[in-house]
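J.: Following the hints, put chain W in place on chain F, whose structure we already have.
Chains as they are written, first to last, in the numbering used here: chain F, 375 to 598; chain W, 909 to 1296.
Treat each hint with caution, since some may be false.
[Unchecked claim] Simulated restraints on C-beta separations:
no.	chain 1	residue 1	chain 2	residue 2	range
1	F	Pro397	W	Ile1284	23 to 31 Å
2	W	Ile1173	F	Pro397	53 to 61 Å
3	F	Gly409	W	Leu1190	45 to 53 Å
4	F	Arg564	W	Ala1277	45 to 53 Å
5	F	Ser521	W	Ser1287	28 to 36 Å
6	F	Asp556	W	Val1281	39 to 47 Å
7	W	Arg1282	F	Arg564	37 to 45 Å
8	F	Asp549	W	Phe920	38 to 46 Å
No lab work stands behind these hints, which were simulated from the structure alone.
Keep in mind the model is a prediction, meaning the values are calculated, not measured.
Here a beta-carbon is modelled for each residue, glycine too, at the ideal position from N, C-alpha and C.
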Amino acid sequence: MTSPIIQIRGVSKSYRRDSMAIPVLHAITLDVPEGEFIALMGPSGSGKTTLLNLIAGIDRPNEGSVTVAGTDVTRLGESELAKWRARHIGFVFQFYNLLPVLTAYENVELPLLLAPLSKAERKQHVEAALSLVGLADRLHHYPRQLSGGQEQRVAIARAIAPDPTILVADEPTGDLDRQSADEVLTLLERLNREYHKTIVMVTHDPHAAERAHTIRHLDKGELQ
Amino acid sequence: MSIFKIVLRNAFRHRLRTVLTILGIATAVMAFGLIRTIVTAWNAGVEASAANRMITRHRVSLIFPVPLTDREQIARVPGVTGLSWANWFGGVYGNSTDFKNFWPRFAVDANTYFGLYPEFVVPPDQLEAFRKERSACILGRKVAADHGFKLGDVITLEGDIYPGPWQFVVRGIYTGRDPSVDETQMFFQWDYLYEQVKQREPGRATDAGFYVLRVDRPGDMALVAAAIDTMFTNSRAPTKTESEREFQQSFVSMSSAIITSLKVISLVIVGIILLVLANTILMAARERTREYAVLKTLGFQARHVAAFIIGESLLIAFCGGLLGLALTFPVVRGFGLALPGFFPVIRVEPVTIALALGAAVLSGLAAAAVPTVRAIRTSIVSGLRMIG
Chain F
375 MTSPIIQIRG VSKSYRRDSM AIPVLHAITL DVPEGEFIAL MGPSGSGKTT LLNLIAGIDR
435 PNEGSVTVAG TDVTRLGESE LAKWRARHIG FVFQFYNLLP VLTAYENVEL PLLLAPLSKA
495 ERKQHVEAAL SLVGLADRLH HYPRQLSGGQ EQRVAIARAI APDPTILVAD EPTGDLDRQS
555 ADEVLTLLER LNREYHKTIV MVTHDPHAAE RAHTIRHLDK GELQ
Chain W
909 MSIFKIVLRN AFRHRLRTVL TILGIATAVM AFGLIRTIVT AWNAGVEASA ANRMITRHRV
969 SLIFPVPLTD REQIARVPGV TGLSWANWFG GVYGNSTDFK NFWPRFAVDA NTYFGLYPEF
1029 VVPPDQLEAF RKERSACILG RKVAADHGFK LGDVITLEGD IYPGPWQFVV RGIYTGRDPS
1089 VDETQMFFQW DYLYEQVKQR EPGRATDAGF YVLRVDRPGD MALVAAAIDT MFTNSRAPTK
1149 TESEREFQQS FVSMSSAIIT SLKVISLVIV GIILLVLANT ILMAARERTR EYAVLKTLGF
1209 QARHVAAFII GESLLIAFCG GLLGLALTFP VVRGFGLALP GFFPVIRVEP VTIALALGAA
1269 VLSGLAAAAV PTVRAIRTSI VSGLRMIG
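Next comes chain F alone, as it looks inside the complex:
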């Protein structure tokens, strides 16, 4: 049996507001096998986004360890962590977060600037990613010229272009209408099924969570 690609052991996280510590996650332990499509559900404030941020290496726990793709990310320095994210994590945000001054092509090319790739290789990656999300005909459109669903698909193309180990998606359909949300979910399913991408998705939409293989619930900082 292969070891899980994500191993979370005894992770606790709290935030400080003024002099008060506000607990968010409490002694979380979770294993995610490679190729899994897992949905984290829970009410607002349950800690699901915080858990996702810890997996993606953009936040650090107060206690415990987060091992992703064989690396304990809690032990990495800022610079090493940034390099690790560039190599292993593809992040899909709720509000797309595309750079408005860049075209769809350039937004997807952005993370590839950090990889040792030639211009021609980057072009190949970008075009492949945008074709995969069905936007090969929108290469030179700016985000303001795209619909919400199209923007999210460009954001997914940006996340998958460097071929990361894990895709993490924070409410990827939270800002979309039903039809666009279905298109995005279908795309994530396809990435999981055909390209064997491990996907961790945070959502509070049961309809979206149904597309995942596994659903885990968080409540008051604890996994149910």
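T.: Just chain W now, with coordinates in the frame of chain F:
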């Protein structure tokens, strides 16, 4: 796509704001360049001084003459290898309220003066013609061009120190050996002054206004000065001998308060550039806090974020600096035309260009410092929460 392309796009994301910032910097750089050029022009006489020339004048003031009979004693002082003399003539040409009609006029010893000033280049035939004719004069190229004077023209001046009408025939036009040489002066024969004063005002003594000396070695200047001044300590005209540079500096130092004020203003202008730019970069960086968090999420490091912010600040500063410099040249030219004669040599020096661009670039770096540190220190999670 490169990081520079992103910097360029970001810089012009808010076109109006960026254009206004560039115009603000350009105006400040232009003002800085103009002020530095004025300060340089003020010191032009000092800078153009020869290292081997000295001036001997009356100890009390330049307005008192020194006896012409002193020249033989001065010429014998060890270290002195050349000697000439001159008088400030003054005089008025045409409308005295027009700045253009003012240029320095000196009565000089025709045989020796130009030998001591190799930077005034006079064609040999013109110098010969000047020496042969009592009322001849030699004009600087610039003053001749400004007034359309040609060889053979007669110039009439109304004397003030030496009253009455004075006529001079233009027999020579000198050019400067290099661009730093003043080409606005007029020289005529000291003998002409002497003879005319004798005729017009019998009994009025005509002596030398000041002596110009050439010394063998600049290192001997202190000894030469001490020897000459000691020689005339108890005479009717005690002297003060100093290097030409010190002599010129004494005129400039009369305006030292103005020059110091101008230098302070130029520093204030650098502060204005910094504030204008810092305001824009602070706003831009704050608006993009979320974008920097996204970039960090994608794997960009602190140094990349710093490059985005500093690059944008430097780009705007450099554009403003270049535009400001481009404006400085015509403004300085216009200033020189508006006040002809006031600044014989006024031009934008390479050091002024370097200082103006340097001030803009340094302001660019300084303006980016605070937003860069803030952007780097802001955690990804905090940045992603920012709405803007």
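J.: Now tell me if each hint is right for this structure.
T.: Right, here's what the structure says about each hint:
Roughly 28 Å separates the CB atoms of proline 397 of chain F and isoleucine 1284 of chain W, a value that falls within the hinted 23 to 31 Å. At about 59 Å, the CB distance of isoleucine 1173 of chain W to proline 397 of chain F agrees with the hint of 53 to 61 Å. In this structure, glycine 409 of chain F and leucine 1190 of chain W meet the distance hint of 45 to 53 Å, their C-beta atoms being roughly 46 Å apart. For arginine 564 of chain F and alanine 1277 of chain W, the hinted distance range of 45 to 53 Å is satisfied, since their beta carbons lie about 47 Å from each other.
Roughly 32 Å separates the CB atoms of serine 521 of chain F and serine 1287 of chain W, a value that falls within the hinted 28 to 36 Å. Checked against the hint of 39 to 47 Å, the pair aspartate 556 of chain F and valine 1281 of chain W passes, with Cβ atoms roughly 44 Å apart. Hint check: arginine 1282 of chain W to arginine 564 of chain F, Cβ distance near 41 Å, so the stated range 37 to 45 Å holds. The hint said 38 to 46 Å for the Cβ distance between aspartate 549 of chain F and phenylalanine 920 of chain W, and at roughly 28 Å that hint is violated.
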